[in-house]
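Colleague: The primary structure of each chain is shown beneath.
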Amino acid sequence: MATFSLLVTASPHSSQGQYSALEFTKALLQQGHTLKRIFFYGDGVLVASRLNCPPSDEINLTKSWAKLAIEHDFELTVCVTAALKRGITNAAEADRNALTGDNLDPAYEISGLGQLTEAMLESDRLITFG
Amino acid sequence: MKSLYILNNPANLEQCLSAMAPDDALLLIEDAVLLCHQHTLHNSYILEEDLIARGFATKQSHWQAVDYPQFVQLTLQYDKTVTWL
Chain A
1 MATFSLLVTA SPHSSQGQYS ALEFTKALLQ QGHTLKRIFF YGDGVLVASR
51 LNCPPSDEIN LTKSWAKLAI EHDFELTVCV TAALKRGITN AAEADRNALT
101 GDNLDPAYEI SGLGQLTEAM LESDRLITFG
Chain B
131 MKSLYILNNP ANLEQCLSAM APDDALLLIE DAVLLCHQHT LHNSYILEED
181 LIARGFATKQ SHWQAVDYPQ FVQLTLQYDK TVTWL
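Going down the list, the sequences are from chains A and B.
When we follow this note's numbering, the leftmost residue of the first sequence carries the number 1, and every step to the right adds one.
When we follow this note's numbering, the leftmost residue of the second sequence carries the number 131, and every step to the right adds one.
FYI, nobody ran anything at the bench for these hints, they're computed from the structure.
What you are looking at is a predicted structure, and each value in this text was computed from that prediction instead of being measured.
Virtual Cβ for every residue (Gly too), placed ideally from N, Cα, C.
It is possible that some hints are incorrect.
[Stated by the list, open to error] Far from chain A by the CB rule (all over 12 Å, computed), these chain B residues:
hint, residue
1, Ala149
2, Pro152
3, Asp154
4, Ala155
5, Glu160
6, His172
7, Leu177
8, Phe186
9, Ala187
10, Thr188
11, Gln190
12, Asp197
13, Pro199
[Stated by the list, open to error] Below are the DSS-like pairs computed for lysine-lysine, each with C-alpha atoms no more than 25 Å apart in a straight line:
hint, chain 1, residue 1, chain 2, residue 2
14, B, Lys132, A, Lys36
15, A, Lys67, A, Lys36
16, A, Lys26, A, Lys67
17, A, Lys85, A, Lys63
18, A, Lys85, A, Lys26
19, B, Lys210, B, Lys132
20, A, Lys36, B, Lys210
21, B, Lys210, A, Lys85
[Unchecked claim] Distance ranges between label pairs, derived from CB positions:
hint, chain 1, residue 1, chain 2, residue 2, range
22, A, Asn97, B, Asp161, 22 to 28 Å
23, A, Thr3, B, Ala141, 32 to 38 Å
24, B, Pro199, A, Cys53, 30 to 36 Å
25, A, Ser14, B, Gln194, 26 to 32 Å
Sequences and hints are given; from them, build the entire structure.
Modeller: The structure is reproduced here in structure tokens:
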């Protein structure tokens, strides 16, 4: 059995990449492989807002990732620079940057590119979805 | 060292092929499945779900159709994957 990590740069609103990554994740978990971390970068970080509210006949990617991550114990990590630039923040970063609110979904964590490097080093495969 | 190239944008095919070695394989996903009538010299795969979603039948394609579980297997058969964005 292998250990995977994913790098997701696709926007949840305007491309298919997040959905592809989600389906790939379900398939690898079903085969008994381990998933260490999904690292969201670029427009991919937009999925981490708990205020995302897609119409009821569309897939809710924010919640789909959160549910899988909790069930299978892997990390959903968001790049701090990419996130703040796009208005995605947790309470600590909001405080540090004098912002009036926070919107990071509790299943996600904000961190830096070091977490991507670590994921590459500690996984057998890193697959990018953009 | 054999690599699996993953292509999701049909506009980038030529550029992607120019970077590939003879033993590398190419997997078409998302909008790149629109290239299903093209021929390449490489081992070539196509994601069936995305092909069907765009109105093609598997047998219309020259590429070997794979599902998501086979996609996972392909990433393990090759030494590394390169997503050509």
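Colleague: All hints, please: hold or fail.
Modeller: Outcome of the hint check:
Once the 12 Å rule is applied to beta carbons, alanine 149 of chain B is consistent with being away from chain A; the minimum gap is 15 Å. No Cβ of chain A approaches the Cβ of proline 152 of chain B within 12 Å, the least distance being about 22 Å, so the stated non-interface status holds. Look at aspartate 154 of chain B: its CB is around 16 Å from the nearest CB on chain A, clear of 12 Å, so calling it non-interface holds up. A cut-off of 12 Å between C-beta atoms confirms that alanine 155 of chain B is not in contact with chain A; the least separation is 14 Å.
Chain A draws glutamate 160 of chain B into its interface by the beta-carbon criterion, the shortest separation being 5 Å against a cut-off of 12 Å. With a cut of 12 Å on Cβ distances, histidine 172 of chain B stays outside the contact zone with chain A, its closest approach being about 19 Å. Against the 12 Å criterion, leucine 177 of chain B falls within the reach of chain A, whose nearest CB is about 8 Å from its own CB. The Cβ of phenylalanine 186 of chain B lies farther than 12 Å from every Cβ of chain A, with a closest approach of about 16 Å, so its non-interface assignment holds.
Taking the minimum C-beta to C-beta distance to chain A, about 20 Å, the non-interface status of alanine 187 of chain B holds against the 12 Å cut. The Cβ of threonine 188 of chain B sits about 18 Å from the closest Cβ of chain A, beyond the 12 Å cut-off, so the non-interface label holds. Here glutamine 190 of chain B stays apart from chain A, with its beta-carbon at least about 21 Å from theirs, past the 12 Å limit. Distance check on aspartate 197 of chain B: its Cβ comes as close as 8 Å (rounded) to a Cβ of chain A, failing to clear the 12 Å threshold; non-interface status is violated.
For proline 199 of chain B, the requirement that its beta carbon stay farther than 12 Å from each beta carbon of chain A is not met, with the minimum near 5 Å. Restraint check: the Cα-Cα separation between lysine 132 of chain B and lysine 36 of chain A comes to about 24 Å, which is no more than 25 Å; the hinted pair holds. Distance check on the hinted pair: lysine 67 of chain A and lysine 36 of chain A sit about 15 Å apart at the alpha-carbon level, within 25 Å; holds. For the hint pairing lysine 26 of chain A with lysine 67 of chain A, the CA-to-CA distance comes to about 11 Å; that is within 25 Å, so the pair holds.
A C-alpha spacing of about 22 Å is found between lysine 85 of chain A and lysine 63 of chain A, which places the hinted pair at or below 25 Å, so the restraint holds. Under the criterion of a C-alpha separation no larger than 25 Å, the hint pairing lysine 85 of chain A with lysine 26 of chain A is inconsistent with the structure, at around 30 Å. For the given pair, lysine 210 of chain B sits about 7 Å from lysine 132 of chain B by alpha-carbon distance, which is consistent with the 25 Å threshold. Restraint check for lysine 36 of chain A and lysine 210 of chain B: the C-alpha separation of about 17 Å stays at or below 25 Å, so the hint holds.
A threshold of 25 Å between alpha carbons decides the hint, and for lysine 210 of chain B with lysine 85 of chain A the separation of about 31 Å lies outside it, so the pair is violated. At about 37 Å, the beta-carbon gap between asparagine 97 of chain A and aspartate 161 of chain B misses the expected band of 22 to 28 Å. Checked against the hint of 32 to 38 Å, the pair threonine 3 of chain A and alanine 141 of chain B passes, with Cβ atoms roughly 33 Å apart. For the hinted restraint 30 to 36 Å between proline 199 of chain B and cysteine 53 of chain A, the CB-CB distance of approximately 32 Å keeps it satisfied.
At about 30 Å, the beta-carbon gap between serine 14 of chain A and glutamine 194 of chain B stays in the expected band of 26 to 32 Å.
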